[in-house]
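2 protein chains.
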Amino acid sequence: MFNKQELIEFCENARSSYLDHISIDCVVFGFHEGQLKVLGLKIKNEDSWYLPGGFVMKDEPIEMAANRILKERTGLDEIFLQQFRVFGDPDRARPHHDMYKDVLPPEENWFSMRFLTIGYYALVDFVHVNPTPDGHSESCTWYDLTDLPDFKLDHAQIIKSALDTLRLQLNYQPIGYNLMPKEFTMPELQKLYETILDKKLDRRNFQRRMLGFGILSRSEQPRKGGAHKAPYLYSFDLKNYQSALTEGLKGGW
Amino acid sequence: MFNKQELIEFCENARSSYLDHISIDCVVFGFHEGQLKVLGLKIKNEDSWYLPGGFVMKDEPIEMAANRILKERTGLDEIFLQQFRVFGDPDRARPHHDMYKDVLPPEENWFSMRFLTIGYYALVDFVHVNPTPDGHSESCTWYDLTDLPDFKLDHAQIIKSALDTLRLQLNYQPIGYNLMPKEFTMPELQKLYETILDKKLDRRNFQRRMLGFGILSRSEQPRKGGAHKAPYLYSFDLKNYQSALTEGLKGGW
Numbered sequence: 000m001f002n003k004q005e006l007i008e009f010c011e012n013a014r015s016s017y018l019d020h021i022s023i024d025c026v027v028f029g030f031h032e033g034q035l036k037v038l039g040l041k042i043k044n045e046d047s048w049y050l051p052g053g054f055v056m057k058d059e060p061i062e063m064a065a066n067r068i069l070k071e072r073t074g075l076d077e078i079f080l081q082q083f084r085v086f087g088d089p090d091r092a093r094p095h096h097d098m099y100k101d102v103l104p105p106e107e108n109w110f111s112m113r114f115l116t117i118g119y120y121a122l123v124d125f126v127h128v129n130p131t132p133d134g135h136s137e138s139c140t141w142y143d144l145t146d147l148p149d150f151k152l153d154h155a156q157i158i159k160s161a162l163d164t165l166r167l168q169l170n171y172q173p174i175g176y177n178l179m180p181k182e183f184t185m186p187e188l189q190k191l192y193e194t195i196l197d198k199k200l201d202r203r204n205f206q207r208r209m210l211g212f213g214i215l216s217r218s219e220q221p222r223k224g225g226a227h228k229a230p231y232l233y234s235f236d237l238k239n240y241q242s243a244l245t246e247g248l249k250g251g252w
Numbered sequence: 000m001f002n003k004q005e006l007i008e009f010c011e012n013a014r015s016s017y018l019d020h021i022s023i024d025c026v027v028f029g030f031h032e033g034q035l036k037v038l039g040l041k042i043k044n045e046d047s048w049y050l051p052g053g054f055v056m057k058d059e060p061i062e063m064a065a066n067r068i069l070k071e072r073t074g075l076d077e078i079f080l081q082q083f084r085v086f087g088d089p090d091r092a093r094p095h096h097d098m099y100k101d102v103l104p105p106e107e108n109w110f111s112m113r114f115l116t117i118g119y120y121a122l123v124d125f126v127h128v129n130p131t132p133d134g135h136s137e138s139c140t141w142y143d144l145t146d147l148p149d150f151k152l153d154h155a156q157i158i159k160s161a162l163d164t165l166r167l168q169l170n171y172q173p174i175g176y177n178l179m180p181k182e183f184t185m186p187e188l189q190k191l192y193e194t195i196l197d198k199k200l201d202r203r204n205f206q207r208r209m210l211g212f213g214i215l216s217r218s219e220q221p222r223k224g225g226a227h228k229a230p231y232l233y234s235f236d237l238k239n240y241q242s243a244l245t246e247g248l249k250g251g252w
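Just so you know, the protein sequences line up as chains F and D, in that order. Just so we're aligned, residue 0 is where the first sequence starts under numbering that gives the first Met the number 0, counting upward by one. Just so we're aligned, residue 0 is where the second sequence starts under numbering that gives the first Met the number 0, counting upward by one.
Calculated from the structure, these hints are not laboratory results. Any given hint might turn out to be false.
Identical copies go unnamed one by one, so any copy, or any two together, can satisfy a pair.
[To be verified] Straight-line alpha carbon distances no greater than 27 angstroms define the calculated DSS-like cross-link-like pairs of lysine-lysine that follow: (1) Lys-159 - Lys-238; (2) Lys-159 - Lys-43; (3) Lys-238 - Lys-3; (4) Lys-181 - Lys-41; (5) Lys-100 - Lys-57; (6) Lys-41 - Lys-228; (7) Lys-181 - Lys-198; (8) Lys-41 - Lys-198; (9) Lys-57 - Lys-199; (10) Lys-159 - Lys-3; (11) Lys-100 - Lys-159; (12) Lys-57 - Lys-198; (13) Lys-70 - Lys-43; (14) Lys-228 - Lys-57.
Work out the full structure, taking the sequences as your base and the hints as a guide.
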């Protein structure tokens, strides 16, 4: 939370820099050890979690704004980022409107305004990013989708809507490519699909279909170590993947 | 175009009623005689066409705003309407900013503001609607997608993006159900798919797959009239259709 002086300065700067009424919130997905995870910011001195979000500068294209906000608030840069939905319920940020009501009158308080927020989802390779909190946040951490902390405003709903979008876009966007490490086993890929689709899949069918798409390359070397037969490692053939996605992964009409 | 007095009144009313910076534009699709069509408004005394659009009231949920705007500008009501994308290029409405520059100074002119527009697509049964222009418009008419007039601002791009969305959502949204008349022949349905996908489909494969989904009911009576063998008529079994769409039409994983 801001103290009074910080709030006054923030609001003055916001009024001169940002468009009224519009914000951006990002749902950043990562996948690790069989779990789909989402990035949350814990605000300093509050038991409150938020998605990384922010405002759009007066002359800034919204895609640039989304990238800038994500970098400022989490340190993440140059990652797969897709707009997916506007959340426009007039009451969605009601708790925010009252937050500083004893500190500043509503007409001077940026947070008293109604905001529509544009939801973006981002996909990252978990092991290659290092989320870093900004100055307002105590931490910027991964949370299992099955065990989320208390996200404020409508942020839990935004996360759910982003996950629904992943499910619908699984055949049309390079979701596996962006979430998986460079090399992975077939059971690891299957686990990602099962998590997004929220259901168990048949191992043999999954492998047969995945290989049938012609989008995976198998490494010469199986994974080293472990007591059992070493599993094969796969990676995405990006060119074939992109070309298959234009028709939809399950084949065109 | 507004004259000066009309413009002053419109801007005063807009400032007190609407949220700054946010507009809504609707791409209304209809399908008739093998052509996918889109609804355009021709502005009075201008050679300018626009999508039916408008602004969001200060306390109005955006879904309600989209429905209200569509009704006010085209007379259409209670139709299938889906948000699909925000268009947020700062220069997207530059021609509008200058439109009244000799009539009102920018700080008093509502149209000088930057607007992000939320795109909605609508699907209607062509033969059951009667588009009616509002007071600003000379006409509200269907145009073939292959032969569009000169849509202003970024509206041609919004139409293209809506069509891309139809293509991606063909297996997940009741697009056929909302665009086709109650009863139709298999070649008519195939033509709709071909138009949305922008490619020819094999007749026998299409029929086999469509029937395989179990979402069509065949009428007892073939279509009457015509010199040739009368074709069978089909209608959607809405319950089966909805249930198949939750998994995606081509079958779940």
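Cross-check of the supplied hints:
1. Lys-159 - Lys-238: This pair counts as between: shortest inter-copy Cα distance 25 angstroms, intra-copy 31 angstroms.
2. Lys-159 - Lys-43: The answer is within: 25 angstroms in one copy meets 27 angstroms, while 44 angstroms across copies does not.
3. Lys-238 - Lys-3: Neither: 54 angstroms inside a copy, 57 angstroms across copies.
4. Lys-181 - Lys-41: neither (30 angstroms within a copy, 53 angstroms between copies)
5. Lys-100 - Lys-57: both (26 angstroms within a copy, 20 angstroms between copies)
6. Lys-41 - Lys-228: neither (43 angstroms within a copy, 70 angstroms between copies)
7. Lys-181 - Lys-198: Within. Shortest intra-copy distance 25 angstroms satisfies the 27 angstroms Cα cut-off; inter-copy 35 angstroms does not.
8. Lys-41 - Lys-198: neither (31 angstroms within a copy, 50 angstroms between copies)
9. Lys-57 - Lys-199: Answer is neither: 47 angstroms inside a copy and 45 angstroms across each miss the 27 angstroms cutoff.
10. Lys-159 - Lys-3: neither (34 angstroms within a copy, 48 angstroms between copies)
11. Lys-100 - Lys-159: Close neither inside one copy (30 angstroms) nor across copies (45 angstroms); limit 27 angstroms.
12. Lys-57 - Lys-198: neither (44 angstroms within a copy, 42 angstroms between copies)
13. Lys-70 - Lys-43: within (19 angstroms within a copy, 47 angstroms between copies)
14. Lys-228 - Lys-57: neither (58 angstroms within a copy, 64 angstroms between copies)
Going down the numbered hints, you'll see the structure goes against 3, 4, 6, 8, 9, 10, 11, 12 and 14, while the others check out.
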